[in-house]
Amino acid sequence: MLSRTADHVYWLGRYAERAENLARTLDVQYRLSLLPHEGRDDRQGWAQALATLGLEAAFAERHESPEPHKVIDFLAFDTGNPSSILSCLRAARENAHAVRGSISSEMWETFNSTWLEARSQAPTRFTALNVAEFVDWVKYRAHLARGVVLGSMLRDESYHFMQIGTFLERADGVARLLLVRLACAQSADDDAPVAPDYYPWSVLLRGLSAFEIFRRVSRDTVSLGRVLEFVILHQHVPRSIYRSANLVHENLRAVANAQSRETERRAGLLHAELRFGTLQTLAPGGSERFLHDLLARTADLSDRIGRDFLGHPA
Amino acid sequence: MDRTPLPYDEMYSADGHVRPHYAAYADWLTRQPDDTLRQKRAEADSLFHRVGITFAVYGEQDGNERLIPFDIIPRVLSADEWRKLAAGLRQRVRALNAFVGDIYHGQEIVAAGLLTPEQVFCNPQYRPEMQGVDVPGGIYAHIAGIDVVRAGQGDFYVLEDNLRVPSGVSYMLEDRKMMMRLFPELFAQNHVAPVEHYPDRLLENLGSVAPAGVADPVVVVLTPGAHNSAYFEHAFLAQQMGVELVEGQDLFVRDGFVYMRTTRGPQRVDVIYRRIDDDFLDPLVFRPDSVLGVPGLMSAYRAGRVTVANAIGTGIADDKSIYPYVPAMIRFYLGEEPLLNNVPTRILRRKDDLAYTLAHLDELVVKEVHGAGGYGMLIGPTASEAEREDFRLRILASPEKYIAQPTLALSTCPTFVEQGVAPRHIDLRPFVLSGRDITIVPGGLTRVALRAGSLVVNSSQGGGTKDTWVLEA
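Protein sequence lines correspond, in order, to chains P and H.
Going by the working numbering, the first sequence opens with residue 26, and the numbers climb by one from there.
Going by the working numbering, the second sequence opens with residue 485, and the numbers climb by one from there.
In case anyone wonders, no lab produced these hints; they're calculated from the structure.
Hints are supplied without guarantee of correctness; some may be wrong.
Said to hold, decoys possible - Cβ pair distances, simulated, as ranges: (1) H:PRO772 <-> P:GLY311: 57 to 65 Å; (2) H:GLU669 <-> P:SER234: 22 to 30 Å; (3) H:HIS501 <-> P:LEU175: 50 to 58 Å.
Built from N, CA and C at the ideal position, the CB exists for glycine as well.
Please build the complete structure, drawing on both the sequences and the hints.
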């Protein structure tokens, strides 16, 4: 397939997934802000979210302090922020538009109507005041898009590049979400029982659509250590980092070319480490360092894929 | 009181009776309340938006794209009308292809004195780079969009031959799809000839003109990019044919062949269905500032290693200054009498035509020879005194740049507008494919001037489109 086309479908996958990850991050922060605070400042969590998403400076250019409604507005609706949900939905649509001849018509129509609806409803139906409704809508549209991709897209290179984009972005997004929560967590004890950890971490699980799965497979109480292990390493949880790395590797193998051997090796190594490692072996320096390292590795893979396949300059 | 006779109406005869081939549709239409029609039209609009059948508006981002208005009342042609029209179109396109081949080889038509050398060689549409270049099958205009109108008693006139990069075929196909979705019952009642196989025929046609010796040709569609106003059509045709939609940056020339950059390395390209004007195709030969084209393409093309459709230099045959000579071409190359009328045209480089035109500006349509899209045109009867005066000065300054034609009373077709169903002027652009054979899918794109009385059907000037039905006997 054309390198330029592959580039567009790759970014279509990334932006669509990024919009969903952002919605889930907003969801978690918002739900937590509804819990009793015991005097803690609501703004800390929002500031942490901005920092972990790398948007502190961009936010500071527009607003003085991270008032919750301002952060929500900035992350969800501000089209001047290229990383807002609305901007990501637009970027996904623009990438789909550029390759509308190479993806299925149903896919194009889905991404196009998601953007048209978001744009027309954002100032009226969707606002910072009812962000929960907006998050639900974004998730619903993401589910729909996923279904359309699964149900209508030829399993050729286009599909594989889109999957690579999707799962690299998912690994990145989930790692960032964990980092936000780790920075906010007060307990240093990884195995602390229920009490203060339960609410923040169960909210995080719900944000990843994984709370019920956690209950079913872990049959244990919610603790920081268990949640980390579950979200990072579980083989069958749809949004686990392990599963994302696995799918990046698998789809990369399907498109391998003469120059992609090293990229494939690095993706395979990440996959294998997560497959056979434990939190103790993977994160001797602590979970946060491990997650930052993971972000660097996904960024490296993305650069290498750009050079090996997508016609980006070396 | 206005004594102008009413123009030919597609549905009603002069005495107000429904024409036989419209009978079934007219009967159905009278039973539809305006509210139903309004609701169907709204449904069509929202579907077109979702599907993104839009026109990019230059200078605007964010998917701010406009719909071309779609009218839900079809234009219907009887089997007999179509048979005659199609025969005339075939004849005309055969002659036009012969003409382009002649111009770029022996110029027999000039030797015979039908055209002067300066009319050909001083024409900006003449491409000296094409002189002596042989193209597969001698075909230059692989895809022709011939604009046809009806006037007088319903006679067909060719208004314009579009032989460079004619567009609009995607609207022909999408309009049909929309009609079948909105009014399936109509297609059960009326035997409408299908058009959906056009992309199939197009692909076959492009394959048939591949360079000699290529067994399984790789065809691509070359687009200026997603911000071009016709991008939807480019993407649509590539998708429907199952071929790559490429931009200039995706192609390169190496060792005399054209390749595209793919995720698995370079791949040979044999046929380029280009939707870019000649001027932008190859910065080494044409406009050096073009970033849309492919450096070296022209050399590969001249060496016969890639086919470009339409060929470079076809503009010499669809130029308005050459148009008046098409009937003569048909006689000259084919030895046949033209089956379709040309609009009687005055050529203002001729003194007597110039004098007549200046004396009758209020009756005539004056066209700039190199204008397109309804620009650079004076419609005498509807223009103001000031506009006519302005045009008079422009004509006097350079008469050779203009032609003049009588104002044709274009036929009308019932159209659903704000006030309800009312007659509006229409034209027709059938698409003629030339390769090993000539193919025309029955029908074409009907464009309609939505403003009452307006004769300008171009989408850039507020025109809309209609589904075009050719009834099967």
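Structure-based check of all given hints:
| no. | hint | result |
| --- | --- | --- |
| 1 | H:PRO772 <-> P:GLY311: 57 to 65 Å | holds, 59 Å |
| 2 | H:GLU669 <-> P:SER234: 22 to 30 Å | violated, 45 Å |
| 3 | H:HIS501 <-> P:LEU175: 50 to 58 Å | holds, 56 Å |
Consistency note: the structure conflicts with earlier hint 2 alone.
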